[in-house]
Amino acid sequence: MNKKRLKEWLRVIDEGILNETIDIPDNAILTLPESTSIFTRRRLELIEIIKQKQPQSVQELARITKRAKQAVTRDLKILERFEIVKLKKRGRISLPLVEREIVVLAIPYINRALLERKMAFGEVS
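In case it helps, numbering that gives the first Met the number 0 puts the sequence shown at residues 0 to 124.
Please keep in mind that the hints were generated in silico from the structure rather than gathered at the bench.
Hints are supplied without guarantee of correctness; some may be wrong.
Label-pair ranges, simulated between beta-carbon atoms [unchecked claim]: (1) 96 with 36: 44 to 52 Å; (2) 85 with 12: 16 to 24 Å; (3) 82 with 115: 15 to 23 Å.
Below 20 Å or equal to it, Euclidean Cα-Cα: the simulated DMTMM-like pairs (lysine to aspartate or glutamate) are [claimed, not checked]: (4) 87 with 122; (5) 76 with 98; (6) 2 with 19; (7) 52 with 115; (8) 76 with 59; (9) 3 with 19; (10) 6 with 59.
Please read these numbers as outputs of a predicted model, since none were measured by experiment.
Every residue gets a Cβ at the ideal spot worked out from N, C-alpha and C, and that includes glycine.
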């Protein structure tokens, strides 16, 4: 995706979120610690390859990425738990699909001075 297209895509998403025309389910919102454990370099690579090459099985995805099928399956199960990908069963074969185009990363603002003051007065443990 080129820079111009990405900017336009992000603008549309921003407008959709602000105008509440895009419904974001609760499980699409991740915290920073969750996101760093979910989105490893290899898992991001799997998502990108699934979107671009549309492999017809986990075995094919493993072959494309030059990784062991067991390792790919483990990563897909983690992504599936957060509904980022879906493994659609077709007999004995699992078809990997990207389930979610948008994931919101919640980075809470922490007012350190206020937090320290509340901790000093025993309001926060």
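Would the pair residue 2 and residue 19 pass a check requiring their Cα atoms to be no farther apart than 20 Å? Between residue 2 and residue 19 the Cα gap is close to 25 Å, so the pair fails against 20 Å, i.e. violated.
For residue 85 and residue 12, compare the CB-CB distance with the range 16 to 24 Å and indicate the outcome. holds, 21 Å
Verify the proposed pairing of residue 87 with residue 122, using a straight-line Cα cut of 20 Å. violated, 49 Å
Against the 20 Å threshold, does the CA-CA distance of residue 6 and residue 59 hold or violate the hint? violated, 33 Å
Holds or violated: residue 76 and residue 59, Cα atoms, limit 20 Å. holds, 16 Å
State, for the Cβ atoms of residue 82 and residue 115, whether the hinted interval 15 to 23 Å holds or is violated. violated, 37 Å
Regarding residue 96 and residue 36, is the given constraint of 44 to 52 Å on their beta-carbon distance met? violated, 22 Å
Satisfaction of hint between residue 98 and residue 76, Cα-Cα up to 20 Å: holds, 13 Å
Next pair to validate is residue 52 with residue 115; report whether the Cα-Cα distance is within 20 Å. violated, 50 Å
Pair hint outcome, residue 3 versus residue 19 [Cα-Cα no greater than 20 Å]: Violated, at roughly 24 Å.
Comparing the model with each numbered hint stated earlier shows that hints 1, 3, 4, 6, 7, 9, 10 do not hold.
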